[in-house]
Amino acid sequence: MTLSFIIDILGTVAFTISGVLTAMRKKLDPFGILIIGFVTAVGGGTLRDVLIDANIAWMRNLTYMYVIIGSAIVAIILRKKLSYVRRSLFLFDTIGIALYTVVGVEKGISVGLPPLICVALGTMSACFGGVLRDILCNEIPIIFRKEIYATACILGGIAYFLLLKTPLLVDWVVVISGAIVITIRLLAVTFNLSFPTIYKEEENIRL
Amino acid sequence: MTLSFIIDILGTVAFTISGVLTAMRKKLDPFGILIIGFVTAVGGGTLRDVLIDANIAWMRNLTYMYVIIGSAIVAIILRKKLSYVRRSLFLFDTIGIALYTVVGVEKGISVGLPPLICVALGTMSACFGGVLRDILCNEIPIIFRKEIYATACILGGIAYFLLLKTPLLVDWVVVISGAIVITIRLLAVTFNLSFPTIYKEEENIRL
Amino acid sequence: MTLSFIIDILGTVAFTISGVLTAMRKKLDPFGILIIGFVTAVGGGTLRDVLIDANIAWMRNLTYMYVIIGSAIVAIILRKKLSYVRRSLFLFDTIGIALYTVVGVEKGISVGLPPLICVALGTMSACFGGVLRDILCNEIPIIFRKEIYATACILGGIAYFLLLKTPLLVDWVVVISGAIVITIRLLAVTFNLSFPTIYKEEENIRL
Chain P
3 MTLSFIIDIL GTVAFTISGV LTAMRKKLDP FGILIIGFVT AVGGGTLRDV LIDANIAWMR
63 NLTYMYVIIG SAIVAIILRK KLSYVRRSLF LFDTIGIALY TVVGVEKGIS VGLPPLICVA
123 LGTMSACFGG VLRDILCNEI PIIFRKEIYA TACILGGIAY FLLLKTPLLV DWVVVISGAI
183 VITIRLLAVT FNLSFPTIYK EEENIRL
Chain H
3 MTLSFIIDIL GTVAFTISGV LTAMRKKLDP FGILIIGFVT AVGGGTLRDV LIDANIAWMR
63 NLTYMYVIIG SAIVAIILRK KLSYVRRSLF LFDTIGIALY TVVGVEKGIS VGLPPLICVA
123 LGTMSACFGG VLRDILCNEI PIIFRKEIYA TACILGGIAY FLLLKTPLLV DWVVVISGAI
183 VITIRLLAVT FNLSFPTIYK EEENIRL
Chain V
3 MTLSFIIDIL GTVAFTISGV LTAMRKKLDP FGILIIGFVT AVGGGTLRDV LIDANIAWMR
63 NLTYMYVIIG SAIVAIILRK KLSYVRRSLF LFDTIGIALY TVVGVEKGIS VGLPPLICVA
123 LGTMSACFGG VLRDILCNEI PIIFRKEIYA TACILGGIAY FLLLKTPLLV DWVVVISGAI
183 VITIRLLAVT FNLSFPTIYK EEENIRL
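Chains as they are written, first to last, in the numbering used here: chain P, 3 to 209; chain H, 3 to 209; chain V, 3 to 209.
Take the hints with a grain of salt, since some may be wrong.
The list cannot tell twin chains apart, which means a pair is met if one copy fits it or any two copies do.
Claimed, not checked - Under the rule of at most 20 angstroms between Cα atoms (straight-line distance), these lysine to any residue pairs were calculated in the SDA-like manner:
(1) LYS29 x PRO143
(2) LYS29 x VAL52
(3) LYS29 x TYR201
(4) LYS82 x LEU93
(5) LYS29 x GLU141
(6) LYS28 x LEU80
(7) LYS82 x TYR201
(8) LYS29 x ILE71
(9) LYS28 x ASP136
(10) LYS29 x LYS167
(11) LYS28 x VAL76
(12) LYS29 x ILE75
(13) LYS29 x LEU195
(14) LYS167 x VAL177
(15) LYS28 x LYS83
(16) LYS28 x LEU91
(17) LYS82 x ILE58
(18) LYS29 x ILE11
(19) LYS28 x ILE142
(20) LYS29 x ALA190
The set of hints was computed from the structure by calculation and includes no laboratory data.
None of the values given here were measured: they were computed from a predicted structure.
Looking at chain P on its own, in the form it has when it is part of the complex (with noise of 0.2 angstroms):
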């Protein structure tokens, strides 16, 4: 059992309860919540595993279904106690993408992609779980919306690559790469930052 593997199973009980508390304040049936954990969880490494043309994580290891089952019964049955949901949501989701975003560019670095590649391939599949959760619940998607977002993935997958030629152990690289895309989004979204704006004002007028 690798720190990979620990971290792809904490990214896919993460992903499964946002994709439920999103559910739930669509006000799904039981099956319907399950669906949209379960879509939500495994969007992002399904896209990268066709892309990378590797097996399909979750069709040949049943741990994946078993946590996407358990996790989602376990949101519905505590969803008083995530009270205040919209900030849950945001917190799972946030510590999803930065797992994804990890176990991403460590599956690009497997089967020899050049660096470039991986941080694209992280950033699609931490993104692409959230962005199917939001298109099925008729919601805008998630990475049109104003803070930091997919930026993070990016920037964390850069620093997995420059960490790794420090002398640091690969799993710290893992630990602090992973925790510089939570500390991005969390930063971006407590102070309501921006990159700044490359619009200036006469150009909203003319755009």
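With the hints as your guide, set chains H and V onto chain P.
Chains H and V only, in chain P's frame:
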């Protein structure tokens, strides 16, 4: 010509017609109608074949393409006969998901996937064409609507595996589990059934 | 460096710019713009390569990534020069679908698919990037808009196979069928052309 292939073709016909009806409600031009019919018909099967890394059925066997083009033309010509469009759309969509659920489960078994994964595969391949249809036609994805939808596929898939343990011939298992999907969905819509809600009234305010 | 590769790269440039322009209208931040440009550029080709089970072009050849990042930066810098944004977006999108239709048809031929399937493959790979762009940017998917869109790709694809039967060199077939896609779409939008409607007026009420 096996029963599975016949069922696959019937599902293709049903989904093509459901796509054509949706596209006609949106007043698309004839080619647009054909494209939506095509995407609805092949979407689920394509996802299924990509996930199990099989050859994409419609790319290797021209029968599907002929059936799709033929069904689309017939549906356009007979659109006046299909006058209660909303009801016809519902009917063809329901037949489509029943047939694709069974085909998906069977394809999963044929590549050695465990039952739980086969049910997920059947459900995804049944629902994906309709989701694509609705996204492309800018409708609320069908999975989100109130009535029991994917749930019918999940229950039909579970029924398939339960029936396999009886002395019934496989062909009967196929027919009965398909009929279960249709029956559940018909009952759900006719009697406006849904799961007992897990949401208490005070939660409406908090969430 | 074959004509097909050059055309593929030009299509990548055109789609990247169309993605960047859409993302700038939505006021995304620089990384968000880059991501939408990337998804628009690689979406169609990725779908195509997944369907024919080929290596995903942009993952194996860094040229695509450099071209995408370069085009995105140039388009952001020159955004004032691209001042009639709506018109430029239309132009680059049209060039993109023309080039990708031809590349898609050729890739289909190279793996031995029959003409009908090649036309479908070319059309899907041409349209998918733009559909993803519009979904992620929360716009109505382009395929749904009134003007002839996918139809231009289908007709260009059919023209490719008809021209192959003439004594023309393949390079000319490529250029002419691409030009046909562009011409059809330009004419359709300029003169607000559409198919003669199949909907009679009284149908408006019934449907």
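Structure-based check of all given hints:
no.: 1; hint: LYS29 x PRO143; in the structure: both (19 angstroms within a copy, 15 angstroms between copies)
no.: 2; hint: LYS29 x VAL52; in the structure: neither (32 angstroms within a copy, 31 angstroms between copies)
no.: 3; hint: LYS29 x TYR201; in the structure: between (39 angstroms within a copy, 7 angstroms between copies)
no.: 4; hint: LYS82 x LEU93; in the structure: within (16 angstroms within a copy, 39 angstroms between copies)
no.: 5; hint: LYS29 x GLU141; in the structure: both (14 angstroms within a copy, 19 angstroms between copies)
no.: 6; hint: LYS28 x LEU80; in the structure: within (17 angstroms within a copy, 38 angstroms between copies)
no.: 7; hint: LYS82 x TYR201; in the structure: between (43 angstroms within a copy, 10 angstroms between copies)
no.: 8; hint: LYS29 x ILE71; in the structure: within (18 angstroms within a copy, 38 angstroms between copies)
no.: 9; hint: LYS28 x ASP136; in the structure: both (11 angstroms within a copy, 18 angstroms between copies)
no.: 10; hint: LYS29 x LYS167; in the structure: neither (48 angstroms within a copy, 36 angstroms between copies)
no.: 11; hint: LYS28 x VAL76; in the structure: within (18 angstroms within a copy, 38 angstroms between copies)
no.: 12; hint: LYS29 x ILE75; in the structure: within (15 angstroms within a copy, 39 angstroms between copies)
no.: 13; hint: LYS29 x LEU195; in the structure: between (32 angstroms within a copy, 15 angstroms between copies)
no.: 14; hint: LYS167 x VAL177; in the structure: within (15 angstroms within a copy, 47 angstroms between copies)
no.: 15; hint: LYS28 x LYS83; in the structure: within (18 angstroms within a copy, 37 angstroms between copies)
no.: 16; hint: LYS28 x LEU91; in the structure: within (13 angstroms within a copy, 25 angstroms between copies)
no.: 17; hint: LYS82 x ILE58; in the structure: neither (34 angstroms within a copy, 45 angstroms between copies)
no.: 18; hint: LYS29 x ILE11; in the structure: neither (27 angstroms within a copy, 35 angstroms between copies)
no.: 19; hint: LYS28 x ILE142; in the structure: both (13 angstroms within a copy, 13 angstroms between copies)
no.: 20; hint: LYS29 x ALA190; in the structure: between (29 angstroms within a copy, 17 angstroms between copies)
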